[in-house]
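Q: As a plain string of letters, each chain reads:
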Amino acid sequence: MEIKKILCFCGSGLGTSFLMEMNVKKALVNLGINDVEVEHSTIDDVMPGAADLFVCGADLLANAEKAGKAIGLNNMVSMPEMESKLKEAFGL
Amino acid sequence: MDLLKKENVQILNRAEDWKDAIRKSVMPLENGGYVEPRYKEEIISNVEKMGSYIVIAPYIALPHARPEQGVIKSQIAVTLFKDAIEFENKDNPVRLFIVLAAADNNRHLEALVVISELLQDERIVQKILNAENEEELYEYFVSE
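Read top to bottom, the protein sequences are chains X and R.
The numbering of the first sequence is the working numbering, which starts it at 1 and goes up by one.
The numbering of the second sequence is the working numbering, which starts it at 1001 and goes up by one.
Don't take each hint at face value.
Said to hold, decoys possible - Some chain R residues well away from chain X (every beta-carbon gap over 12 Å; in silico):
1. Lys1024
2. Gly1033
3. Lys1082
4. Asp1091
Claimed, not checked - A partial selection of chain X residues facing chain R, derived with a Cβ cut-off under 8 Å:
5. Asn23
6. Asn30
7. Asp59
8. Leu61
9. Val77
10. Ser78
11. Ala89
Simulated from the structure, these hints should not be mistaken for lab results.
Heads up, the beta-carbon is just placed ideally off N, CA and C, and yes, glycines get one too.
One chain only, chain R, in its complex shape (with noise of 0.2 Å):
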């Protein structure tokens, strides 16, 4: 998957809340130049509005605003947290963060079918949750 590179992936210990967890893992696509500083605030602004559409699944979350709310270039982030977070009206707690910042609505696509391949197997996901470094979490992706 060339969309995720190895150091747009990592493993932090906590976030204060979802908001906080949500500027970490947008961070190292701030950081590389892929996405405008906005594009963080935009996706909490989405959520706040339209509630936590982000949330797809027990302890996955898959934070994403549109092309127009700050995308430079499309790239993919991954962030494992050690401890859980909690989302506002949802039972699901969410420990690891898949961001995507989409360039144009076509270019993400290829990526976003491998990862949900790669999240439909429960023993894989499974194994990423339990990842303890980010070389191992980034091979989970990349080696499908």
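Extracted from the complex, chain X is given alone in its bound form (with noise of 0.2 Å):
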């Protein structure tokens, strides 16, 4: 499916998600990927539907992978790994 929507959680949907929402931002442009909203929210809006790809960090993507395709991070901070997540994401 084809990816339109990431929305990035965390428990508290403030800080840590964020973060993540910057960087998806980041690597999406260092990746010329275009035209994909991206937005961060708290844990209880993961749900189907809800988006078409989920990035968290890695201990909550159990909780993600319910809700449809997702993505979990070891480093938040880290652009290679953001990116070559993304990359397998998309397919690319």
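Got two chains here, each in a separate frame; can you build the complex from them with the hints?
A: Here's what the structure looks like:
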């Protein structure tokens, strides 16, 4: 399925998820991927249909996969990790 | 970065466990009147409920809770522990605690941008982790 909306989430929906949102946006630019909506929220908003791809910390990956396609990050500020995992998710 | 003051930067030897580390890391903000005493316990209870989402990178944690969980004024505190602290269900031990107190959902974004940029540079992260005194540690955060 085409990825048009990405939802980054963490426990509080305030700090960590925003950090991931910034880095997802940056990575998409670096990868030359356009027209994707990126948002951040709390784990409460993670449900099937809420997004085409969920991005979270590695420890929350199991929760995210129940809702759909997901990426779990070990290092949320690492651009190499973000870019390689996004590439895989987009099938590039 | 105007959200970080030198008096809120500290280097400590060790903590008993991750909860003790969070309490110690939040203390400068509590003493300065930026957060209510319950803020540290709210962070701990969030982590217990929702997992170690505050561990954002190897050796680095970003403890924070929501504005309504006891924030009075937006501010950041930085604590570096000489001994690493283990989190439950996490492979990464933590030495650097960057505590965020955000009074509203937008006020702290600017600081987060700066922190994120800073932490993306692995050489700076190494320097931060090797800082020998508070002065040096503070400079890495504000000189960007």
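Q: Report the numbers of all earlier hints that the structure fails to satisfy, in ascending order.
A: 4, 6, 8, 11
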